[in-house]
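Asks: Under full-length UniProt numbering, the first residue of the sequence shown is numbered 1, with each subsequent residue one higher.
Hint data in this document are derived by calculation from the structure and do not stem from the laboratory. One thing to keep in mind: the hints can contain errors.
[As the list claims (entries may be wrong)] Calculated pairs, DSS-like style, for lysine-lysine (alpha carbon to alpha carbon, straight line, at most 25 Å):
id, residue 1, residue 2
1, Lys292, Lys383
2, Lys85, Lys383
3, Lys638, Lys522
4, Lys381, Lys85
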Amino acid sequence: MASSLPPRGSYLKKENAGTARREMGLKVAPRRNVLSAINNGGAEAAPVVEFSGREDVERLLAEKMKGKSKNDFKGRVEQMSDYIKKLRACIRWYMELEDGYLAEQEKLRGTLDAENSRHTQLEAQLSNAIEELKAANLDLTRRCENLEETLSREKSEKLIAAESYEKEMQERELAESSRDLLTVDLERVTHDAKRFSEQLKMVQDTNKRLQEYNTSLQQYNSNLQADASKSGETISKLQKEKSAMMETMAALRECNNSMSSQLESSRASQQEAIRVKEELRKEVECFRAELKQARDDRDHSVAQLNNLNIELANCKEQIGRSSKECESMSTKVSALEETCNTQQDQIQTLQKQLAVATEKLKLADVTAIEAMTGYEEQKEKIKYLEERLAHAESQIVEGDELRKKLHNTILELKGNIRVFCRVRPLLRFHGDSNGLEGASISFPTSVESAGRAIDLMNQGQKLSFSYDKVFDHNASQEDVFVEISQLVQSALDGYKVCIFAYGQTGSGKTYTMMGRPGNDQKGMIPRSLEQIFKTSQSLESQGWEYFMQASMLEIYNESIRDLLAPGRPNSFDMSASKQYTIKHDPHGNTTVSDLTIIDVFSIADVTNLLEKASHSRSVGKTQMNEQSSRSHFVFTLKISGSNKNTGQHVEGILNLIDLAGSERLAKSSSTGDRLKETQSINKSLSALSDVIFAIAKGDDHVPFRNSKLTYLLQPCLGGDSKALMFVNISPEASSVGETICSLRFASRVNACEIGIPRRRTSTSI
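Input sequences plus hints: build the corresponding full structure.
Replies: And the structure:
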């Protein structure tokens, strides 16, 4: 039994070795399809940067440029290149770490299952061994008691039978030998029992360690999720750093221009040096000619001096003849000697000037060589910077493509159709102004249901509903927009996005979508447009240019009305009589014939159009709302973007819809035109639900043509399009019936899966 037990702590060797490898920063197999772009972009030889933990990443993000001269562009470029390489290594390390975590998690799960089964077998074996030890211990205890009785009996016999001492001694020796054997057996059994108890304790410790290890695995999983969210924040920081890099690239371009100007000045200096060199060369030639002339004069003077000496001899011979001639000749000789000395001084001066001119010529040659060397270095530096700039731009393009793919994947995992619920605050004239006191709506506060569930009391029965997000009556317009901003970004990335508000009349749909004047009261439509224009302007530095067109229409009694038509507020009859036709092309684009489409270039342009459309929309008074929207308002923004650097082209559509209020005829008491409007509204909303359910079930036929609304939105309700429904509800107790209908319809939509399947949400009704 003892040989079958594993050595103490052997089952954790592999796990401890794997943990040690991870702590030492050993790499795991990278995902080739994700890291190929980074590995190809970093083909240049560079030092390997290792990351062993979050401290290294935070240290890299907190790293600042070292202080250098503003003119030291090469140093700054080298620092930036090193920083980019570190960022690339950081991203590669994050991806490899994520792969390692996933592989390690699967490995640990398999190991944990194997250890659990092994632990169960060990417990069964140990329980059997304990039972055997208990039986052996009981047998030995009994034998020990028998031996003690035998010993006492032998002692009594010894006292009684003193005369049979010799026989008694023999029996005593036999008894002592038997006792020794039994003692040895008892010690051996005691030792075995002690060893088994230690093994049992070791197994208990192993079980405890396994439980602690399971707890650490759960904490490790939660840390992984936290690290994933922090990785998203890191990606956003990297995007900011990318913008900073673009600014640095612009500064480098300016630096390139300045270097070009310096190069031109260097060329001009070189030309000036060459000109000076030629002038000095000419001066040297002149000096050499003058020197030659001076030497000739000197030789001529020496010849004259020799002649004069001869003449002096002749004069000495003729001294007696003419003393005056002798004096004149002496004077001439002195003058010639002075002239010779003067010419000697001039020759020395010219030699010195020749030496200075030669030095200047050498200096000019060295300056010209240095200028040419500097020119070549600047040319190589400019070429290197251009290559780095092209490489950085390609990395930025690849990073933007990866961001779009990851962004779309995240939205698909959340669901291509999502449902948000928003509760309107309780109005003062409808009840207590303190909030929802006395109302039938409550919000669960558990960890799983917080912000995603809503409870409703109806006739003593509790109804629970769960959605992707639930906003209570205290939620602001900004809180709501934060949740839909990712969908708005998808429209700019080239996807079709549809956001619409559904609910009974007076539940706050128009306020959610349009809002009111003031920054805090702006609705989803103006906030979405502000984000689109702001993001499109920030992407101009990457070479993106966007062109946007806006159109606004309403569907009233299954008829399309152009809200931007000239003279629209005073020409209802004219636009109603005009026939608008909806057409879809094979590429999924939708057009409405004769619909006014206006090019927009700023948020101010769209704001003016929204004000014009709001004055033109059809509204009416009912018993449920003083100013009820009697038509479906559809705002469409067509986005066309192109990148002149990469040749990419995207086309996206953003549909923002304020649906007319759903209401029951029995409660609204509508008659005449209001009755016809209510019937048309309910029919189109029913058609919308039929279309969504048909798409979710995968029916061959989807009834898009049953309503103008569904036929208009056909390209935005399937495929890779993104759809979001706001279900707005009223908190008044008098509206419980309509609220239940709206929540049940939203729950059915929330249970649908269009595109990639997502997580399940539970609904208890």
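Asks: If a hint holds in the structure, say so; if it does not, say that too.
Replies: Hints versus structure:
no.	hint	result
1	Lys292 with Lys383	53 Å, violated
2	Lys85 with Lys383	19 Å, holds
3	Lys638 with Lys522	22 Å, holds
4	Lys381 with Lys85	19 Å, holds
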